[in-house]
Every structure is written in C-alpha cells, then in structure tokens.
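K.L.:
One letter stands for each residue in the lines below.
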Amino acid sequence: MMNRRDFLKIMASLGIGSALVLEGIDRIGTAADTIPGSKNLQAGHWGMVIDVSKFKTPEDIQRVAAACHKYHNVPEINDPQHEIKWIWQEDFEHTFAELESEYLSEKVKQMQFPVLCNHCENPACVRVCPTQATFKRPDGIVAMDYHRCIGCRYCMAACPYGARSFNFFDPRPYIEEINSAVPTRTKGVVEKCTFCMERLDKGQQPVCAEASGGAIIFGDLSDPDSPVRKVLRDNFFLRRKVELGTGPSVYYIIGGGGSNA
Amino acid sequence: MMYNGGKIITGLIIFALIITAPFWLNIGQADEPPEISLDTPVINQLSEKECIESAEFMRSQHPQLLNDWRDQVVREGKTVYTSSSGKEYQISLDNTCLQCHSNRSEFCDACHAYTSVDPYCWDCHGGGIAK
Ligand code: SF4
Ligand code: SF4
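In the order they appear, the protein sequences are chains B and S. Take 1309 as the starting number for the first sequence in the working numbering and just add one per residue. Take 900 as the starting number for the second sequence in the working numbering and just add one per residue.
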C-alpha cells in the first residue's frame, strides 16, 4: 500500500515534470521576435474633431460613411433590426439629446451629424465585456478582438451611443466587393469603428478623415502642437453625453473655422 | 474457477476484433498524402522561393505561430515579425500569408481536409481570395 506522503510526492514530481514539458512546448512556438513596426503612427491619446459646418449636405456624410464601410468590409443590410454601422448620420436631437429645447432654431434642428464610436476615456463597453474582447489600448483606442467575442452583447447594452452592431448572420453575402486587405466579421460577433488602427499601424490616416476633405481632423490629443489640439484651441466644441463621464475622444465643432467673428 | 469461461473468452476476442477493425481493414492501403500546390502568381514571381520560416517549421508550427501573431498584432500592437533569418514581415494572415498562398483549396484546405481539421480562420479571413 502506498501511504499518503508517497502519493503526494509522486503527484508533485509528475506536476513539475509536466510543467517542464509544457514550458518546452511553449518555446517551440516562437522561433523569432516581434516588434512594433517603424512606420506605426504613435500617440498618447488618439482623438478626432469633426467640423460639422464643412459637411454641407447629408450626401457629404454619406460619402464619408460609404468610404469607411467599403474599406472595412462593413455589410450593407437595409433592415434597421440587423444593420451594421461604424459611422452614420443623426440629427441634432439624437446626437445631442441633452441639449434639446423647444426653442432650438429650425436650422439647428435640421442639422445632420456624423456619429461613430467615441473611443471613450472611460469606456462602459470595456468594463462590462466578460472576455476582454473589447479593450482599451494605451493610445486610447477602444479596440475589438473579434476572436474573443462571445456575442453576449453586454457591450451594446452598456454603450450610451449605440455605437456597436451585432452580426445576427454571416455578413459576407451583404458585402458587395470584399477588400482583401481587411478581414470581414462573422456571425455572432459585435463590431464597431476601430479608429482605423490597422491603417495607423501602416502610417496612414483614418479613411473617414481622408475622405472628408478636411472636415474630419484626426490626431494626438496629448500633444499640444497636434492639429486636433490646434482646432480645439481655436473653436468652441461639443462632445456627446459628457455628463455620463464616459469622456468621448470625438469632438464636434459647429460654427466653422472662425471666419466670421 | 471461472463459469462460462469459454463464452467469455470468445466474447472478449470478438470484442477486441471489432474495436480494432479499422486497423485491420485499412492495413496496407495508406491514404494518398495531400498534394500541396505552390503554383500561385505571387510565388511564381519570387526569385527565391522561401516562406517566412523553413518549410519544416511552417508545416509543424503554423497554427501556433498564427495563434501568437493574433494576440501580438491585435492586443499588443506588435505589427512586425522578425524571422529567424533576420527578415521582417508584416504580421497579417490576409496581407502576408494569403498574398502568396492565394490558392486556398490547393494549399490550405488540401492538408486541413486530409488531417480532418476545420479551422475557423476562414470565417473572417481570406474572404477576398477564391475558396
Ligand atoms: S462610444 Fe460606446 S463603444 Fe465606443 S468606446 Fe464609448 S462606450 Fe465603447
Ligand atoms: S458581445 Fe463580445 S465584445 Fe461585447 S461584451 Fe460580449 S464578448 Fe465582449
């Protein structure tokens, strides 16, 4: 008969042995090194300023949204229950609900705003995600790791901006032409705007900023000399639902670049 | 003493034969190993036909490598892989691997089908190349 001490000793040595084997297996996987690329755009805190006055017509917003959706393989599903949106347009009431008033001028009521994920400083979506599929990068981008998303949609319930969409079915049949440089998503995951992190990693600006002809300015909020900080210094701006404490990184300027004082 | 010993032993032998049947039935008729094709436009253009690591390494370790790449590029912001020969490659299944291996059915699927694995990479990646 084996006594309890012997049994524990054998189990302990088996345990150490298998730990060593597993360690060895782990080593095999990484033959070489990985580093951040030299072209990667870096920032302390990525942010965006949207100059609404430069979007003259709703078509201007739709053009920018279409460019984003085309690049990122966002499916076009014409059914509000199932549609997928990264950037889209809303009127004043739905963009700045807390500023609604019956005395608002007709002009302001009619205004259209491009809206997207705000890449919040305190993102509610990140706090509730049980798998850390959505997480905050050190540069402020609230990113999605679709590999880990289990489709619970807690993040959708938590986001006060409706910035997230759920794939109820395979999105591929709804993508007109797949951009092979970018993965699609799959049934059962949540998706949203990424601030074009994969383009920043290649030294490029976000698609919407590029397509907007200067109406969307993108840059490092932590750098006082960055273009975003410059426009914020020179203009009055709004952010969506700041009273919730989410700390949006997307800023709206309404009046236009100070041409008439 | 064993009662009904003969029946029990016959039963055991039959049982052993049945559960090892796949081995007896397949003896001497090995399945054809898969044909792996490297005939793609980009590979044909290469002056030196080499992958990011040796073929042996890629054959045995590509699932682990892709697993590591996934976390490194998505979660850790590391976008460049330095191979053991010192060359640098962009970490990307779509923009690095599938640029050369654009023939999914003759390359990837050939082996995956043979070994009966069904990776779900394809649900999102490789949507732009032919099946
Ligand atoms: S806008 Fe919504 S999805 Fe985007 S970071 Fe904020 S809470 Fe998360
Ligand atoms: S749906 Fe996905 S990203 Fe959203 S909370 Fe659940 S696991 Fe996280």
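The hints are simulated quantities; they were obtained by calculation from the structure and are not laboratory data. Among the clues, some could well be false.
Partial chain B-side listing against chain S, Cβ under 10 Å, derived [claimed, not checked]:
id : residue
1  : 1343
2  : 1348
3  : 1371
4  : 1404
5  : 1440
6  : 1451
7  : 1478
8  : 1485
9  : 1497
10 : 1509
11 : 1510
The list that follows gives simulated cross-link-like pairs (lysine to aspartate or glutamate, DMTMM-like), each with its CA atoms no further than 20 Å apart [to be verified]:
id : chain 1 : residue 1 : chain 2 : residue 2
12 : B       : 1364      : B       : 1398
13 : B       : 1362      : B       : 1447
14 : B       : 1444      : S       : 970
15 : B       : 1495      : S       : 1022
16 : B       : 1417      : B       : 1399
17 : B       : 1444      : S       : 975
18 : S       : 977       : B       : 1447
19 : B       : 1510      : S       : 970
A short list of chain S residues far from chain B (calculated; beta carbon distances all over 12 Å) [as the list claims (entries may be wrong)]:
id : residue
20 : 916
21 : 931
22 : 936
23 : 985
Even for Gly, the Cβ is constructed at its ideal location relative to N, Cα and C.
K.L.:
Look at each hint and say if it fits the structure.
P.N.:
Against the structure, the hints:
1. 1343: 5 Å, holds
2. 1348: 6 Å, holds
3. 1371: 24 Å, violated
4. 1404: With a minimum Cβ separation of about 33 Å from chain S (threshold 10 Å), the hint on residue 1404 of chain B is violated.
5. 1440: Since the shortest Cβ distance to chain S is 9 Å, the answer is holds.
6. 1451: 7 Å, holds
7. 1478: Since the shortest Cβ distance to chain S is 8 Å, the answer is holds.
8. 1485: With a minimum Cβ separation of about 9 Å from chain S (threshold 10 Å), the hint on residue 1485 of chain B holds.
9. 1497: Cβ of residue 1497 of chain B sits 8 Å from chain S, so the hint holds.
10. 1509: This hint holds: residue 1509 of chain B lies near chain S, its Cβ roughly 5 Å from the closest one there, short of 10 Å.
11. 1510: Where the cut-off is 10 Å and the nearest Cβ of chain S is about 8 Å from residue 1510 of chain B, the hint holds.
12. B/1364 <-> B/1398: The given pair, whose Cα atoms are some 14 Å apart, holds under the 20 Å limit.
13. B/1362 <-> B/1447: 28 Å, violated
14. B/1444 <-> S/970: OK: residue 1444 of chain B and residue 970 of chain S at ~14 Å, within 20 Å.
15. B/1495 <-> S/1022: 8 Å, holds
16. B/1417 <-> B/1399: Holds, at roughly 7 Å.
17. B/1444 <-> S/975: 11 Å, holds
18. S/977 <-> B/1447: 13 Å, holds
19. B/1510 <-> S/970: 18 Å, holds
20. 916: 35 Å, holds
21. 931: Its Cβ never comes within 12 Å of chain B, the nearest being 29 Å, so this holds.
22. 936: Holds, since 20 Å exceeds 12 Å.
23. 985: Nearest chain B Cβ is 9 Å from residue 985 of chain S, so the label is violated.
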